[in-house]
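Q: Sequence:
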Amino acid sequence: MTDQQDPRGGALGRLLVVDDEPAIIDTVGRFLRFIGYEVRTAGTAQEALTVTRDFLPELILLDIMLPDGDGIEVMRRLRTDGLPHAVVFLTARDTREDLVKALTAGGDDYITKPFGLDEVAARIGAVLRRTRGPAREDSVLRVDDLELDAAGHTVWRAGTPVDLSPTEFRLLRYLMLHNGRVVPRAQLLDHVWSYDFNGDDTVVATYISYLRRKLDALGPPLIRTRRGVGYVIGEPEC
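Just so we're aligned, residue 4 is where the sequence shown starts under this note's numbering, counting upward by one.
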């Protein structure tokens, strides 16, 4: 299977998504790349073993039922080879016996199908924080009283959690990565909506307004408009 890697890189970590359903691989893979991970995918047990040994992901999102084997056995083989990756199982089985079996075999967590993409991001973030030890400081961005934890996919302002959609989160993260610098609308389109997005820059203004509505309710305005150019968060550089 050929993967399309995120041209923006994988700042949050390296993930492997293993499932025999193309729709799940496509949807989950795109979403995880969208929020900042570097992602590879596999559709069989054998492919998962091959890709893992080459790619060395930090975490594997692993379907238990694969066409050529069992996800639990894949995890055991990898760990026998000395590859102690974190594993979050995907399963259509939700019986207590099946879930206990997955966790006692060494899985770090599990997600039952059907699932929401926000749940996937939250569980991956939680497992990575545990397996990495103390949270990596470079995953936390701060501007004034605004804090964004990229690994945990959370945003707080003045101690209050801010509920953002995946697009709002990525837009805010990109602005915060460029704290104090004006980011052109075209650059936001390219990096937030991806290189193959065929929209116009009115979508940027729309999502900026969504962010302002949520952030400004908790404190002074943080995002400023530079007419004819783009947007800046925080104090602009002189």
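If you're looking for bench data, these hints aren't it; they were derived computationally from the structure. Backbone N, C-alpha and C fix where the C-beta goes; we use that ideal spot for every residue, glycine too. Some hints here could point you the wrong way.
Subject to a maximum C-alpha distance of 20 Å in a straight line, what follows is the list of computed EDC-like cross-link-like pairs (lysine to aspartate or glutamate) [said to hold, decoys possible]:
#: 1; residue 1: LYS104; residue 2: ASP73
#: 2; residue 1: LYS104; residue 2: GLU76
#: 3; residue 1: LYS217; residue 2: ASP121
#: 4; residue 1: LYS116; residue 2: ASP152
Ranges of calculated distance between the beta carbons of each label pair, as one might list FRET restraints [unchecked claim]:
#: 5; residue 1: PHE58; residue 2: VAL185; range: 16 to 24 Å
#: 6; residue 1: PRO224; residue 2: PRO117; range: 36 to 44 Å
#: 7; residue 1: ALA208; residue 2: GLU238; range: 17 to 25 Å
#: 8; residue 1: PRO117; residue 2: VAL185; range: 22 to 30 Å
#: 9; residue 1: GLY222; residue 2: ARG80; range: 50 to 58 Å
#: 10; residue 1: GLY231; residue 2: GLY183; range: 13 to 21 Å
#: 11; residue 1: ALA189; residue 2: GLU76; range: 20 to 28 Å
#: 12; residue 1: THR107; residue 2: ALA208; range: 21 to 29 Å
#: 13; residue 1: ALA125; residue 2: THR163; range: 15 to 23 Å
#: 14; residue 1: ALA129; residue 2: ALA208; range: 33 to 41 Å
#: 15; residue 1: ARG215; residue 2: ARG80; range: 15 to 23 Å
#: 16; residue 1: GLN49; residue 2: ARG227; range: 18 to 26 Å
Q: For each hint, tell me whether it holds in the structure or not.
A: Each hint, compared with the structure:
1. LYS104 - ASP73: With a Cα-Cα distance of about 12 Å, the restraint between LYS104 and ASP73 holds, given a limit of 20 Å.
2. LYS104 - GLU76: 12 Å, holds
3. LYS217 - ASP121: Holds. LYS217 to ASP121 sits at ~19 Å (cutoff 20 Å).
4. LYS116 - ASP152: 26 Å, violated
5. PHE58 - VAL185: 16 to 24 Å: For VAL185 against PHE58, whose Cβ atoms are near 37 Å apart, the range 16 to 24 Å is violated.
6. PRO224 - PRO117: 36 to 44 Å: At roughly 39 Å between Cβ atoms, PRO117 and PRO224 fall inside 36 to 44 Å, so the hint holds.
7. ALA208 - GLU238: 17 to 25 Å: 22 Å, holds
8. PRO117 - VAL185: 22 to 30 Å: This hint is violated: roughly 42 Å between Cβ atoms.
9. GLY222 - ARG80: 50 to 58 Å: 51 Å, holds
10. GLY231 - GLY183: 13 to 21 Å: Given a distance of about 19 Å, which is inside 13 to 21 Å, the answer is holds.
11. ALA189 - GLU76: 20 to 28 Å: 48 Å, violated
12. THR107 - ALA208: 21 to 29 Å: 51 Å, violated
13. ALA125 - THR163: 15 to 23 Å: With a Cβ separation near 18 Å, ALA125 and THR163 satisfy 15 to 23 Å, so the hint holds.
14. ALA129 - ALA208: 33 to 41 Å: Hint holds: Cβ distance 34 Å, inside 33 to 41 Å.
15. ARG215 - ARG80: 15 to 23 Å: 50 Å, violated
16. GLN49 - ARG227: 18 to 26 Å: 53 Å, violated
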